[in-house]
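Given the structure of chain F, go ahead and fit chain E onto it with the hints provided.
Chain order of the listed sequences is F and E.
Straight run, no breaks: the first sequence in my numbering ends on number 318.
Straight run, no breaks: the second sequence in my numbering ends on number 155.
Please note that the accuracy of each hint is not assured.
Derived pair list, reagent style SDA-like, types lysine to any residue, alpha-carbon separation capped at 20 Å [to be verified]:
#1 F:K212 to E:E146
#2 F:K170 to E:E146
#3 F:K99 to E:H106
#4 F:K212 to E:E138
#5 F:K170 to F:E154
#6 F:K212 to E:I111
Which chain E residues stay away from chain F? Per the calculated CB distances, all over 10 Å, these [claimed, not checked]:
#7 T89
#8 A90
#9 W95
#10 E102
#11 G103
#12 A112
#13 G115
#14 S116
#15 E117
#16 A120
#17 G129
#18 L132
#19 R134
#20 D136
#21 E138
#22 A142
I should point out that these hints are in silico values taken from the structure, not numbers from a laboratory.
Cβ atoms here follow ideal geometry from the backbone N, Cα and C, with glycine treated the same way.
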Amino acid sequence: MSAGPLFVRYAYPPNALGYCGPPDPKALVDAGSPDASAEDLVSVARRFSGAWPYLELIASSNGIADPLDARVVEAYWVGSELLEGVPAASLLGAIGKHPDSGLGGGSQLREAVMAGGVAHHSFHVFAVYPWLALLRSGKQEPAMTVLERCRIRWGRVEAVDGADVTVRSQPLGFDGRDLVLLDERLEQAFCSVDDVGFVEDVVPGEVVSLHWDWVCDRLDPDALACLEHFTARSLHAVNTTAVLG
Amino acid sequence: MCMSRLHRAVTAPADGWLMVENAEGRLHRVSLIALEGSEPQAGDWLVVHSGYALRRVDSEQAAAIVSELRAGQEALS
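Here chain F stands alone, though its shape is the one from the complex (with noise of 0.2 Å):
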């Protein structure tokens, strides 16, 4: 089992459900191993429509050379304070031509940037795909699974069962009005399956990432408090487009 870069830990869960990237999710796993070339993780990563338009924004916004530089995967992942250096005009600029920006969402995309909306995959999740659009329009589900599944989620480790976890998390919830966070409760997740995965040896008392149905990485104090402000954040501004109406 691999470690792998940090951006396999978080593009392969989707790309294993076959929802983005290419479609052979070994590709993937194969690019991240250590006897591969920087090159070609590259030529996987580029194959995630999603994910590397972000990735070369807040590389280029920051002076840093390397889309897959962990510090620029790390922002846009978990989030960090290259996000600050993203001017919001090229955020919408980014948007604007991002492969996902004829999917349906983001109609008052201008706004959600203004409040506060930054290169933060929260931020996409939220307010570029059509997700909550539609949960705004009365359709809960499947609207709510996508959003709560495909955002990257914290959670402290209960219990461990070989490869499955029981995480205590906060889900997402919508209040008519309002994208929050509800209060904690249990869920599952896998830390492997056939001998894929990215976090060995979990314990009770852990935090984690989630994303899907995988555990990503162990969180240390300093990336939970970015993940939960980004999250916050990008909430506060799609919710903020909610009262614009």
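For chain E alone, kept in the frame of chain F given last:
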């Protein structure tokens, strides 16, 4: 336009689900729960996201998107 989300139905729907194929030939099973209007049929083009069909795309628009996608892939290779 969303290129990577474009899929073509390869079967008739069954129990609210449909098999689709993306531009790279990868097959997916998608839910129709989020799709409004009549059920799609084999050959129809759909925008798909996270396992759900979201809306239809007419064949002319789909052809333009596929052409754009292939040009992009060639530029990357």
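Taking the hints in turn, this is what the structure says about them:
no.	hint	in the structure
1	F:K212 to E:E146	violated (32 Å)
2	F:K170 to E:E146	holds (14 Å)
3	F:K99 to E:H106	holds (17 Å)
4	F:K212 to E:E138	violated (29 Å)
5	F:K170 to F:E154	violated (24 Å)
6	F:K212 to E:I111	holds (10 Å)
7	T89	holds (16 Å)
8	A90	holds (21 Å)
9	W95	holds (13 Å)
10	E102	violated (5 Å)
11	G103	violated (7 Å)
12	A112	violated (6 Å)
13	G115	holds (14 Å)
14	S116	holds (18 Å)
15	E117	holds (17 Å)
16	A120	holds (19 Å)
17	G129	violated (7 Å)
18	L132	violated (6 Å)
19	R134	holds (12 Å)
20	D136	holds (14 Å)
21	E138	holds (15 Å)
22	A142	holds (12 Å)
In summary, the numbered hints that this structure violates are 1, 4, 5, 10, 11, 12, 17, 18.
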